[in-house]
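For the protein sequence lines, the chains are F and H, in the order given. So the first sequence is residues 55 to 646, counted in our numbering. So the second sequence is residues 55 to 646, counted in our numbering.
For the record, the hints were derived by calculation from the structure and aren't laboratory data. Possibly wrong hints are sitting among the right ones.
All copies of an identical chain are treated as equivalent in the list; a pair is satisfied when it fits inside any one copy or across any two copies.
[As the list claims (entries may be wrong)] For lysine-lysine, the following DSBU-like pairs were computed, each having C-alpha atoms within a straight-line distance of at most 35 Å:
#1 244 / 380
#2 244 / 385
#3 528 / 557
#4 124 / 111
#5 277 / 380
#6 100 / 205
#7 557 / 385
#8 557 / 380
#9 385 / 277
#10 557 / 119
#11 205 / 430
There are 2 protein chains.
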Amino acid sequence: MTYRAPINDILLSLNHGAGLAAAVQAGHYGDFDGDITAAVLEEAGKFASDVLAPLNKVGDEHGIKLDNGKVTTAPGWPDAYQRWAAAGWNAVSGPEAFGGQGLPLAVNAACTEIWSASNVAFGLCPLLTLSAIEALDAHGSEELKTIYLEKMVTGEWTGTMQLTEPNAGSDVGALRTRAERAGDGTYRIKGTKIFITYGEHDMTDNIVHFVLARLPDAPGGTKGISLFLVPKFLVNADGSLGARNDIHASGVEHKLGMHASPTCTMTMGDQGGAIGYLIGEENQGMRCMFTMMNQARLGVGLEGVGIADRAYQQALAYAQERRQGKAIGHKGDGMDPIIVHPDVKRMLMQMRSMTAAARTICYATAVALDVAARAKDAKVRADAAARGALLTPIAKAFSTDVGNEVAYLGVQVHGGMGFIEETGAAQHYRDARITSIYEGTNGIQSIDLVTRKLGANGGASVWALLDELAATIKQVETSNDPAFGTTGAKLRDAHAALERTSKWLLERLASAPNDALAGATPYLRLFAATLGGCMLAGEALAAKANGEAEPQRYVALARFFAENISVQAPSLEKTVTESADAVTGADAVLAG
Amino acid sequence: MTYRAPINDILLSLNHGAGLAAAVQAGHYGDFDGDITAAVLEEAGKFASDVLAPLNKVGDEHGIKLDNGKVTTAPGWPDAYQRWAAAGWNAVSGPEAFGGQGLPLAVNAACTEIWSASNVAFGLCPLLTLSAIEALDAHGSEELKTIYLEKMVTGEWTGTMQLTEPNAGSDVGALRTRAERAGDGTYRIKGTKIFITYGEHDMTDNIVHFVLARLPDAPGGTKGISLFLVPKFLVNADGSLGARNDIHASGVEHKLGMHASPTCTMTMGDQGGAIGYLIGEENQGMRCMFTMMNQARLGVGLEGVGIADRAYQQALAYAQERRQGKAIGHKGDGMDPIIVHPDVKRMLMQMRSMTAAARTICYATAVALDVAARAKDAKVRADAAARGALLTPIAKAFSTDVGNEVAYLGVQVHGGMGFIEETGAAQHYRDARITSIYEGTNGIQSIDLVTRKLGANGGASVWALLDELAATIKQVETSNDPAFGTTGAKLRDAHAALERTSKWLLERLASAPNDALAGATPYLRLFAATLGGCMLAGEALAAKANGEAEPQRYVALARFFAENISVQAPSLEKTVTESADAVTGADAVLAG
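Whenever a hint applies, use it, and build me the whole structure from the sequences.
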């Protein structure tokens with residue numbers, strides 16, 4: 055069963071749920087012509103269906119091989135990558151000065167969903183290149199940009215991000231990889247990094263590693279970390295490849311999923327130290343990393359959306375085809391397709407509505423990041439930056455939770471066949487599992503939301519968003535469309551719960567921070583349940599207003615989400631505001 | 055990391071949460087001496103830790119091999135099985151007339167949890183033998199019992215249950231395997247069964263298959279199904295093994311998890327038909343299957359509990375050891391174990407409290423089935439049978455949902471290491487996935503709960519249970535123990551929501567059955583959230599009253615569950631009672 059990009063759903067979400075059309079209309083996108091979005095996405099969908107989707111299972115079954123420091127990817131993968139890069143897909147939102155197309159991040163976000171849906175282990179490779187490009191573009195010297203940036207933008211070379219070490223995972227500041235000044239402006243890096251995605255592969259002839267390391271005289275913790283560019287092959291002045299650098303894949307992990315993506319242990323310094331070039335200033339590495347963190351986290355959120363949509367499409371097709379039992383009232387012989395059973399419908403609606411909500415939250419994050427970078431007005435840029443910062447942890451954590459939950463339901467719809475690897479539903483379930491862990495675990499996203507995003511400015515970013523959501527809710531209520539069912543009431547309750555809970559957390563952040571941390575995860579869920587519900591309702595209203603074909607489909611989807619997911623908001627509020635003692639006082643239980 | 059059976063938790067749950075002590079006290083267990091329970095469980099725990107737990111990963115990595123119709127299990131497995139059976143573990147609750155120990159199902163339920171926790175793919179083998187024993191004991195002729203029963207009770211031979219065919223999964227009535235009368239009282243069976251657990255293996259020298267098939271003149275659907283005993287090797291009059299029967303494993307599945315358990319395609323009739331012996335009467339096969347369904351479903355629920363506890367123990371140990379970051383207020387150098395972080399505490403408390411609630415629901419089901427079979431008084435037996443029937447779908451579905459959810463959190467606590475297969479957390483996550491599918495999907499359990507259990511007697515079984523739960527809630531409230539936090543209020547709200555929702559569903563079952571079916575899954579969750587919360591609160595009260603060591607641990611656990619899980623009941627009520635239209639009207643969305 056292949057994958058088809060849901061172009062209509064994506065366009066409605068992007069333009070109306072996420073607000074791209076309004077931002078273009080307001081002039082925040084300069085001379086970007088919104089009309090080309092559809093054409094770009096159609097082409098992306100075609101490439102994904104034709105080339106990437108068929109390689110998804112091949113990659114899962116074949117995995118990768120490490121032999122004598124060289125990684126071989128699955129059959130067909132290097133060729134697919136080269137075709138993908140040659141078609142310009144790595145450069146969609148890349149800087150025009152270095153060969154990029156300069157399209158909005160929001161358009162690239164939709165593409166990222168499409169790559170992830172068709173083949174998430176493949177899409178992961180360029181995802182990290184994009185982060186590396188961002189870091190280099192923002193903080194690299196002109197000399198480094200001249201040598202490396204264009205080849206990374208076109209995808210001729212890929213990039214890696216090397217943070218993690220055995221004792222430094224969530225706590226990046228604990229890393230120990232050392233960088234010594236070589237005296238000629240370059241550095242020699244020695245150390246071991248783990249969990250390095252696409253740290254070594256055979257899809258391009260060079261790999262540009264971005265490595266966090268510590269200078270001998272650096273202060274402890276995150277304040278003493280510097281960022282270095284460490285190419286696999288050194289690059290000669292004419293751009294040709296020179297000597298092999300002293301950075302090697304010394305191991306690959308045997309993982310639950312993402313089998314086609316090499317997760318490498320990287321060793322530097324076996325031959326005296328890898329040659330590295332400083333990015334930004336010494337000891338400012340964490341600042342450089344933060345630059346690219348929003349986009350990388352958004353990218354992982356989009357993996358969640360993509361996997362969810364793929365799992366949904368597969369489960370829907372199975373439910374339409376597989377016959378078991380009879381619908382109530384079915385007379386006579388023969389069995390019905392299982393999609394007639396209300397419990398199966400419930401699962402499919404849950405899958406589709408959660409995917410749609412996560413999609414729009416991600417796209418809205420991308421639009422905010424775009425406007426923060428592109429708008430002419432400084433206040434508009436600042437507000438958009440705050441919005442993007444607020445939405446990023448929600449986009450990452452909620453969308454990847456959705457990826458896992460939807461893939462779970464995808465297996466369930468398949469019944470016993472779902473547990474058989476041949477069916478393919480299980481691969482989505484396995485692949486999704488890492489997305490709620492990497493690029494900052496979802497617990498860390500929740501803490502980021504509470505402490506840095508809600509807490510940053512007395513909640514101002516949250517109140518601004520709540521005002522917008524209230525306007526949508528009012529529109530639902532005044533639309534008097536009976537097809538919305540109790541959507542308006544559910545969203546109003548959720549909105550009020552989110553507002554009260556935000557205020558409670560702000561107060562506790564100051565007075566009892568552990569109480570605030572204890573509620574971080576249910577708070578993020580409460581936030582997403584409210585936000586996602588309002589966004590889907592907004593899309594439904596837009597679909598009706600714009601004469602979309604069958605707008606009632608979007609009304610029904612928004613209604614399901616509101617009545618099944620947003621409805622949980624008041625319970626989540628109680629969990630946040632009343633169960634902190636049960637969490638912080640858990641020690642006696644956990645000790646016994 | 056090995057597994058240790060949580061004997062104290064199990065005993066508190068069994069005796070007080072599940073009511074075994076009271077039932078023994080009331081004389082419903084005859085001369086069973088409750089004091090031996092602890093000794094039995096200590097021994098089971100020892101065997102599980104010493105022999106079974108170390109084979110869990112071996113089995114996962116090695117899997118099984120099918121070669122020329124013969125299945126080879128993982129190294130050490132046949133020996134472990136034989137030691138397990140020789141120690142009497144297969145016979146714990148078996149009939150004494152056939153070599154069993156005649157202990158309560160409730161005691162065996164605790165053992166089943168322990169086998170499942172230590173090695174779920176191993177424990178699955180005897181689980182199916184027990185179901186087969188039950189069917190044979192209840193419906194088999196004296197002659198068949200004489201030949202087969204004792205060897206199945208001791209575990210010398212294992213049993214299989216063969217229902218599923220490619221076009222007959224959830225809809226058993228669609229099966230096509232044919233049985234023809236041979237004229238000598240035996241039958242010749244021809245057909246293909248799929249997904250047959252331990253359909254072939256090398257752990258015993260014979261396997262006794264229980265096969266559903268259809269006679270040539272049988273009516274269609276479930277009314278035309280008969281049950282046959284089909285031995286792998288025919289048995290001579292003296293009990294020795296005779297000719298190989300015409301039933302063979304023709305394939306094994308490549309699965310997401312449970313790698314060590316062979317899931318076979320069984321072919322009968324390549325040499326003229328497998329010789330089968332009728333169990334019960336012709337066309338009464340479904341009745342025979344229903345006899346054993348409660349216990350089999352309970353067994354799968356206990357797999358969920360076992361996997362959850364194993365995942366919890368492993369995550370707890372990791373969280374106590376792994377150091378990342380610092381607790382708020384931590385001064386100076388060094389990192390803290392991650393268990394200090396409130397978000398990690400939340401995950402561990404969620405894992406432990408959900409596991410505890412599922413455990414007690416399962417054990418209470420076992421006590422009800424025991425009392426239904428053992429009590430002297432017919433009314434007591436009938437009430438207990440109704441209680442057991444009511445609880446069975448909840449025990450199966452909720453506990454296996456818990457197994458999956460807890461294993462998910464177990465991976466999450468491990469961070470990136472959780473995604474690496476070597477760590478072992480991922481195996482629990484993979485193994486758990488089938489439990490919410492087999493022995494009737496959890497959707498089917500929910501529909502069973504609504505249509506057959508709630509609907510059976512105008513809700514009488516539910517009202518009787520609600521009365522008991524109300525008494526527990528009152529005790530929590532009158533205990534005035536501040537450590538309960540808002541437990542009393544949360545449980546009272548949940549209880550009221552469950553009562554209202556049950557009434558709504560009963561009404562809809564008659565007037566709009568699709569609406570009732572649409573709400574089945576959230577209703578089961580609402581039921582379990584309420585029931586589990588009340589049971590944990592009851593255990594906490596018992597721990598305080600009985601002078602249990604550190605009873606406040608159980609109070610804290612009950613509180614966490616009430617404030618995090620039971621608290622969802624009012625939202626679930628709204629989903630059931632207000633979103634049926636969103637489910638039944640989903641066709642337009644799902645078509646587009």
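Tested hints:
1. Proximity of residue 244 and residue 380 under a CA criterion of 35 Å is satisfied inter-copy only: 27 Å between copies versus 66 Å inside one chain copy.
2. For the homomeric pair residue 244 and residue 385, the shortest alpha-carbon distance between copies (30 Å) is at most 35 Å, but the shortest distance inside one copy (74 Å) is not.
3. Taking CA atoms no more than 35 Å apart as the test, residue 528 paired with residue 557 passes in both settings, with 22 Å inside one copy and 33 Å between copies.
4. With identical chains, the CA atoms of residue 124 and residue 111 are at most 35 Å apart both within one copy (22 Å) and between copies (29 Å).
5. Taking identical chains as interchangeable, the C-alpha atoms of residue 277 and residue 380 lie at most 35 Å apart only when they sit on different chains, with a minimum of 16 Å there against 65 Å within one chain.
6. For a Cα distance limit of 35 Å, the shortest separation of residue 100 from residue 205 inside one copy, 25 Å, qualifies, whereas the shortest one across copies, 61 Å, does not.
7. When the C-alpha separation of residue 557 and residue 385 is checked against a cutoff of 35 Å, the pair qualifies only between copies, where the shortest distance is 29 Å, while the shortest distance within a copy is 57 Å.
8. Proximity of residue 557 to residue 380 under the C-alpha cut-off of 35 Å is restricted to the inter-copy arrangement: shortest distance 26 Å between copies versus 50 Å within a copy.
9. Within a single copy, residue 385 and residue 277 get their C-alpha atoms only as close as 73 Å, which misses the 35 Å cut-off; across copies the closest is 17 Å, which meets it.
10. Taking CA atoms no more than 35 Å apart as the test, residue 557 paired with residue 119 passes in neither setting, with 52 Å inside one copy and 59 Å between copies.
11. Taking identical chains as interchangeable, the C-alpha atoms of residue 205 and residue 430 lie at most 35 Å apart only when both belong to the same chain, with a minimum of 30 Å there against 83 Å between chains.
Hint check: a violation occurs at hint 10 only; the rest are consistent with the structure.
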